[in-house]
Each structure stands twice: as structure tokens, then as C-alpha cells.
Amino acid sequence: MSLAEPEAGTGAGAEEAARAGSAARTGAAAASRPVSPLWSLGFLRSELITTFRRWRTLALFGVLALVPVLVGVAVKIETSGGGTVGGGDGDGPAFISQVTNNGLFLVFTSLAATLPFFLPMTVGVIAGDAVAGEANAGTLRYLLVAPAGRTRLLLAKFTTVLAFCLTATLVVAVSALATGALLFPVGEVTLLSGTSVPFGEGLLRALLVAALVAASLIGLAAVGLFISTLTNSGIAAMAATVGLLITVQIVNSIPQLHDIHPYLFPNYWLSFADVLRDPIYWDDLLKNLGLQGVYGAVFASAAWARFTTKDITA
Amino acid sequence: MAQISPNTPRRKALRYGVPVAIAGVAAVTAAMVPALADSGSPDLPKITAKDLVKKMAKSDVDQISGTVKIETDLGLPSLPGSSGGQGGGLFGGRHGGPDEEKGKDSGDSGDSGDGKSSAAPQEKLMQLASGEHRLRVASDGPDKQRLSVVEDAAEYSLVRNGGELWAYDSASNTAWHSDLPQGDAKKSPRHGGMADLTPDKVAKEALEAAEKSGTSVSVDGTAKVAGRDAYQLVLKPKGKGAADSTVKEIRIAVDGDNGAPLKFTLSPKEGGKAAVDVAYTKVDFGKPSASTFDFKPPKGTKVTEGKLDRKARGAERNAKPDLTGFGILGGDVSDWGKVAKIDMPRVAGSLIDKDKIQVPPNGLSVDGKGGAQIEKFLDGLTDEVKGDFGTGRVFHTRMVNALMTEDGTLYVGAVSKDGLLKAANADAK
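Protein chains in written order, with full-length UniProt numbering: chain B, 1 to 314; chain D, 1 to 429.
Read the hints as simulated data drawn from the structure, not as lab findings. Worth double-checking, as some hints may not be accurate.
[What the hints assert, rightly or not] Some residues of chain B that are not near chain D, with every Cβ distance over 12 Å (derived):
hint : residue
1    : Gly42
2    : Phe52
3    : Arg54
4    : Thr57
5    : Gly62
6    : Leu66
7    : Leu177
8    : Ala178
9    : Ala211
10   : Ile235
11   : Ala239
[Said to hold, decoys possible] Keeping only pairs whose Cα atoms sit at most 16 Å apart, straight-line, the calculated EDC-like set for lysine to aspartate or glutamate is:
hint : chain 1 : residue 1 : chain 2 : residue 2
12   : D       : Lys12     : B       : Asp311
13   : D       : Lys386    : D       : Asp407
14   : D       : Lys144    : D       : Asp62
15   : D       : Lys273    : D       : Asp73
16   : D       : Lys296    : B       : Glu188
17   : D       : Lys224    : D       : Asp257
18   : D       : Lys296    : D       : Glu164
19   : D       : Lys69     : D       : Asp152
20   : D       : Lys69     : B       : Asp284
21   : D       : Lys144    : D       : Asp294
22   : D       : Lys386    : D       : Asp418
23   : D       : Lys54     : D       : Glu205
24   : D       : Lys55     : D       : Glu205
25   : D       : Lys341    : D       : Asp407
26   : D       : Lys296    : B       : Asp278
27   : D       : Lys386    : D       : Glu406
28   : D       : Lys282    : B       : Asp284
29   : D       : Lys417    : D       : Asp383
30   : D       : Lys69     : B       : Asp283
31   : D       : Lys248    : D       : Glu270
32   : D       : Lys299    : B       : Glu188
33   : D       : Lys236    : D       : Glu249
34   : D       : Lys50     : D       : Asp220
35   : D       : Lys248    : D       : Asp277
36   : D       : Lys273    : B       : Asp259
37   : D       : Lys55     : D       : Asp229
38   : D       : Lys282    : B       : Asp283
All C-beta atoms, glycine included, are put in the ideal place defined by N, C-alpha and C.
Use the sequences and the hints to build the structure in full.
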């Protein structure tokens, strides 16, 4: 990941030290009185702010926001002559033929286009960097000086990664909604089953889709966090997470390996399209949530087992 | 400032036990829950096969909605039809390719020359004949039905409401509309081509045929299908054709409460996966909401007017034999070992009219000149055999064997290879 900024060593280092200090202060305050819930929230808040303020994170958001714009402009140009997208035979990303009828479908097209690789890749970067990046920059031990405890630190890290999943998905969705509303008409939404629902309900379904897409990333986020606790090199953790994602996606596309597909975390990712059926088809959606839950629990607890028992020397 | 972990190895192992335990519990749950939900033998009062068949015949479940899973594994992409039809009808003339499963070839409909829109139902229903599909069905009385093929990020819906038939394909955002002849709607409510694909219809047809052919019908315990208690009706070939038949058994799960068929399984003698498996995964006998059958073409959708003329209906029927055919379920069948004989029309220079038959997987036609490469390719697909009928080639699949002789006669049957050769020999004499 070339996005790793060179100033991380100095700038981030100072930042982390300040953060560790603030955590220590809250920690000291908490030690003198019964544990208040704000205590861990303060820790989490500093984590969130550090992660979301990084240039790297902002650059990722920027790239994610650009995808719907590109898709929208491409569809607009292709159909400006009155043609249809992909010859009208259903080629191209899902839902793309409906985009010209309703700008809201750009949300679904963009999510369908980014979900296989783009979105999870950014999650892999953030999750892989979460612990290993700190170790790499030599700031992990400063964080642990605070009497916050490793479990609490890991919890804050995991929550931050999950917050990133949600934010990244919303960035794509909001950018797509804005682009779609700007370039195409909006109005009644035609569901996959051919029934039309008012725009308001369409918007609600889009929100549900975004939430489900964000939830789809939980499994990968936990895997990334676990990998992050295994190594002291942030780059290695990111590369391993993203590499794993690509490998799993390839395995998931080989029909001969059909029997193991239901156990792979990306298998039901595109099930979010089932929200657009009438009535909503819940089978795969629930399977997806269950699978993400299992992956999340297994790998988050594995990360906890690893992180709370390893020697931290950097 | 290094943080050396104070934990002993034992505590470490204990902590790693947590993810392992979670994974274990998840694996056990994943294995147990579906097994518990859809297996076990519910307690139902004993019933004789005759009573069960009567119960099915009496059953008049008009209101039903649910999810149907269709799994078809015939071992070939497109299957010659039932033995009951005329020569032309046997092969349907459709271009069945291995890509049918993907549901992406709707654009091909132009090739068939009918000028049908991609939302026209014939092509779509053909796709159901191979691979695994999920359908959502709803029915309210004889003239309100809805069938939706659940595809990846797309859906194909067929809605019948009184005299109107609508089809909508979300992948291409096209619709297809047809007025059903009124008399037709009254006369044969179940022949709309959609009810045909529910376990209900498939099972009923099988039963009618079973009475005529030499078939043993028995009740084999109970099962749980889609959360409902059901009897299992088993049909097995018996009599003179049984030894040659490729069919091991047909199993129909019948709702113990209202006699509606819930599951239909056709098992080949070769073993392995069922050749045809049509089952409700969810079922509800309540009245579906009226809006289910309301269809208005969405704004911006291209609508094609179609007519379900005789030809189209023929094609639709041809979509069905892959599920119900094999010369077992047809009307005039009296023997499980039946073999159909077809004299292939000769077309200038070629042994086989390539519009009528295709040798899978690539639709390769047998050229009379027989290039060495084609010969080699054919060897990979078929076995050369000799007999009283001369020389021929046998194409073997799990359910059906076909023998094409040099003089252009085709023998097809749901019988084993030996049975087929025996029949061909007898015929040649």
C-alpha cells in the first residue's frame, strides 16, 4: 500500500504519544472512582479521531466517493444518444440498466460494483494497520502504558474498524445518491419483482442495503484485525489481509469448489440485492449476517487471544 | 519499555480456546439446525398407499405461496424430450447450451427467429431445466398465479391475473405481455406453464402415469418438508422394464394435513445426487395478498406483446419434459424400459439436422464427411457400438441413453446402455 505516508514516523508518533497521554489521564481519573462508561468512550473517541483524521483514510474515502461519479458519468454518456446500457441484455454490474430510469439505482449499482473488491480492500488496509501499524511505528507500547488494558485497546481498535466499514459504505452510497439525483430522474422505484414503490420507501430500502453492505464487511474486518495482531509490520498485515480477500474471492468464483462456497465470508455479499425484491427475500440476507457474525466472533476472539498473550516489544 | 506478557502457557491456551470453541459451536449449529429442521420422522397416523393417493387427488389446495428449490442434474445441458410427442416436438429446436444455468443468455432469444423479447417466458422456463434454481410461487385459485425466478441481483417474474399474462425480466428491464384466450383460462387452469413447475403439478402428473405403467406405489414413512409433516410416497419401477430403467425411484412428500405434494425427487439407479429435486423450502397455505398478482409494467420498461400460440405453447411443454419426461411420465407409457425410436430427417450432406439435435456440449453436428478431429471429439463424448442395427454411437448420461446409428436412426430411452442396445437389436431384427 503506497498510501502509507512517509511522515507517519514523526507526525503520527507525536500524535500517538499525545493520545497515550490523554488515555493515561482518563485512566488515572478512572482509577480513583468507580469505572464510568465514559472512560472507555474517551479511549474509543481518541482512536476514532486518530484513524479518521489520517490522510490515508481520507484518501480512501475520496477514491470510494469517486467510483459512483465515474459510473454515473459513464452511464450518462453511453445513454445520451438514446441507447441502453450494455445492450439491454443484463450485462455489466447489477442494476445498471435501471440507472437511467431512476438515479436511486446508482446507489445499488455502485455498491454492487465496489463490494467485491474496492470496499473490502479499504477495510483490509484499515484493519490490517490497526495493531500492526502501531507496533510498526513504535507507538503500541505507549498506548499500553495507560492502564487501559489490552482487551480494552483491542475493543476500541475493532470498533474503530467497524465504524470505518459503515462510513466507507455510506460514502459510496451518499456519493452515488447525489450523483444519481443530479444526472438522472428520481421517482417511483421499480423493484426487481416489477412492482413500483414510492421514492421514500426506495430510499429506506437503500438505507437498509447500505447497512447490510456495511455488516457484510464485519467478517473481513475481524480477519484483518487478527492478522494485524500477528505481525509487527503494518504493510505486511495490510498485504496479507487484502491478499487473503483476493484469494477467497477467486476461490469463491470457481464453480468446482461449490461445496465450500457457503463457508466463505464473501459468498453472500451480493445478497443485499434481495432487499429489492417484493416481498424482501430474507434467506440469503440472514445467512450473510450469520456468517459475518461467526467470522467476526471467531477472528475477533482470536485477535484477543493473540493480543493479550503476546509480548509487545515495539 | 517492552511489555512482556505475564501470561503462562496454560492461560494462553485457554484464551485461544475461545475462538476455537466459537468456531466449533458455529460448525455444530450449522450442521445440526438444517438437519433438525428438515429431517426426522414426524408422527403421523398410518396410511395406505391407496389412501394417500386418494388424499392427494382429493386435495384441492388452490391458495399457496412459498419458495421452491429446483435442482436438476441430468448430466447434460439439454435433453431430448418425452417419448410421447411427434418428431419435431421431441427436440424443441431450442439452443440449449451449458451457459443456460447462468441465466444470462436471454439475449439469445433473437436467434430462435421468433422475434420474442428477452422477457418472453419460453427461454426462461427452459433455463429451469438444468442447474439449481430458486423460485417464489404464489397461487390463488385457478387464474391467479405468480412465479418468480430468483437470480443473482435480478429476478424474472411471470404473473398471471385472469386473462392476462405478464412477464418481467429485471436484468434487462423488459416486460412481455400476452392475453390468454378466455376459454383456455377456464378449461385448463393448470396448464399455464407456471403451475407446471410447482411440486404440486409435477407430482400429480407422475402419479397419473404411475397408475398406467408397471409401478409399485408404496408409503415409506414420514418426513419433514418446509417445516410441515409429510408422508413419503415412493414409486418404483417394476415389471419387465424395471431391470433396464435408469430410474431407481421417485419419492413424493405429501402434506399429511391437506394432501398437497411438497417435494418431488427422482433418483437415478446409478446413485449419487437426485436427477430432479423439486421441493418447497417454505410453504404457506394462506391466501396470498391480492397485490401479489397485480402487475403494471414499470415506467421506462420496454413491453413486447406476445401471443401464446400453439407453437409457443409447444415450446413451453418442451421446457417441461426435462422435469417430468424421460418417457416415463408421458400419457401413453406403459413400461419403464421403453425406448423411443426416431428416424432422423436427412438434410443435404449431414447425418443430423443440427437444428433438431445437438450433441452436447458444443452443439456439434455430426458431419457426414466425418473429419478426423470431429471423430476424435465424438469419441470423447460417445462410445462406438456394434450390433444388429449396424454401427452406432451411444451417448450416455445418468438418466438417459441415446443411440444414433449410422443410417440415421436415433434410439432414446431412460434405460441403461445395455437395455438400449437390446431394444435396438430387437428393433433391427
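query = Looking back at the numbered hints, which does the structure fail to meet, lowest number first?
reply = The structure conflicts with no hint, since it agrees with every one listed earlier.
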